[in-house]
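K.L.:
Sequence:
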Amino acid sequence: MTAMASAALSLTGSGHLLVYQLGACRALLKSSIQIQHVAGSSGGAIVAALVSHNLNLEEFAQDFIQTRGRGLSLLKEKLQSETTIQGPLLSICTTQCRDGQLQVFDFVSTSDDRLLQALEASCRIPPSFHPWDIISSTRSYADSEGIRMDNNDFYVDGGIAAPAPPTPPNLRRILISPIAGQSKNNDWRISPASSSCSWPSIDLKHNFGVDASFANLRALRAAMGMTTSSELKVWYQRGQDDAQRFLEDTF
1 MTAMASAALS LTGSGHLLVY QLGACRALLK SSIQIQHVAG SSGGAIVAAL VSHNLNLEEF
61 AQDFIQTRGR GLSLLKEKLQ SETTIQGPLL SICTTQCRDG QLQVFDFVST SDDRLLQALE
121 ASCRIPPSFH PWDIISSTRS YADSEGIRMD NNDFYVDGGI AAPAPPTPPN LRRILISPIA
181 GQSKNNDWRI SPASSSCSWP SIDLKHNFGV DASFANLRAL RAAMGMTTSS ELKVWYQRGQ
241 DDAQRFLEDT F
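Everything in the sequence shown is counted per our numbering, starting at 1 for the first residue and increasing by one.
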């Protein structure tokens, strides 16, 4: 058994399968593990903001499942209409349009006006995006494809430059993703179990290993919105179950 430690959550890009991360985070927050920092890319950035602002994950999950989307709009409504309490420190990952490099925006206050801009940027998939961009070296995007931040630069989806967001090196990283894969370095990982029918793992940026498997292809289909409310409910419960299994096996 491993002693409880301070940890940081790394929430990968997840699309509609952010419900998996909602379920996993809900289970972690009910445990005694100490979460001091949470970082997110794309769909994971929405979940990271919910966790950092101590918003009701169960309520958000049910609203998202019912509407089968509208994650960013739902989050905006909650941030603007509900009283929030600052929780773990928050980092939102984006990709700079001009050079494809990672840009992380950190937030220490629930009233920071830049937050909604950063979230919109982190979730903005540029029209010229190609899946190979996540694997290959960095590339640039037209400013017109991105969101302008207060530094006058433009940014797009954080999952391009940081499919698995980096976290402070002094905290143990818990990577949470609906995509199956192996843990890297000293990371803990909450993901669906790897399939027995898979090809060699693909290593993406920031120590994010992904199984090349039919199971992950089905997960990517769901992440892109080709899914039903019933399937999203299953993924939400799966996230809770996988997180609970992680807690039992690790602590």
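To be clear, the hints were calculated from the coordinates, so they are not data collected in a lab. These numbers were taken from a predicted model, which means no experiment stands behind them. Where a beta carbon is used, it is the ideal one built from N, C-alpha and C, also for glycine. One or more hints might be untrue.
The following label-pair restraints were derived from C-beta to C-beta distances [stated by the list, open to error]:
id	residue 1	residue 2	range
1	98	135	32 to 38 Å
2	200	148	37 to 43 Å
3	69	183	38 to 44 Å
4	217	183	34 to 40 Å
5	68	251	33 to 39 Å
6	245	98	38 to 44 Å
7	132	68	34 to 40 Å
Below, in silico cross-link-like pairs of lysine to any residue (SDA-like), each with a Cα-Cα straight-line distance of 20 Å or less [unchecked claim]:
id	residue 1	residue 2
8	184	153
9	30	89
10	184	194
11	30	205
12	76	113
13	233	69
14	184	200
15	184	205
16	205	247
17	205	68
18	205	138
19	30	76
20	184	7
21	76	125
22	184	203
23	233	7
K.L.:
The structure should be examined with respect to each hint, and the outcome stated for every one.
P.N.:
Checked hints:
1. 98 - 135: 32 to 38 Å: Since the Cβ atoms of residue 98 and residue 135 sit about 21 Å apart, the hinted range of 32 to 38 Å is violated.
2. 200 - 148: 37 to 43 Å: Holds, at about 40 Å.
3. 69 - 183: 38 to 44 Å: The hinted range 38 to 44 Å is violated for residue 69 and residue 183, with Cβ atoms some 30 Å apart.
4. 217 - 183: 34 to 40 Å: violated, 21 Å
5. 68 - 251: 33 to 39 Å: holds, 35 Å
6. 245 - 98: 38 to 44 Å: Between residue 245 and residue 98, where Cβ atoms are some 43 Å apart, the hint holds.
7. 132 - 68: 34 to 40 Å: With a Cβ separation near 28 Å, residue 132 and residue 68 fall outside 34 to 40 Å, so the hint is violated.
8. 184 - 153: violated, 32 Å
9. 30 - 89: At roughly 18 Å apart (the allowed maximum being 20 Å), residue 89 and residue 30 satisfy the hint.
10. 184 - 194: holds, 14 Å
11. 30 - 205: violated, 30 Å
12. 76 - 113: holds, 12 Å
13. 233 - 69: Judged against 20 Å, a Cα distance of about 13 Å means the pair holds.
14. 184 - 200: holds, 14 Å
15. 184 - 205: Holds, because 11 Å separates the two Cα atoms, which is no more than 20 Å.
16. 205 - 247: Judged against 20 Å, a Cα distance of about 26 Å means the pair is violated.
17. 205 - 68: Distance ~29 Å between residue 205 and residue 68 Cα, so the pair is violated.
18. 205 - 138: Status holds; Cα separation ~11 Å.
19. 30 - 76: Between residue 30 and residue 76 the Cα gap is close to 25 Å, so the pair fails against 20 Å, i.e. violated.
20. 184 - 7: holds, 16 Å
21. 76 - 125: Status holds; Cα separation ~18 Å.
22. 184 - 203: holds, 9 Å
23. 233 - 7: Violated, at roughly 27 Å.
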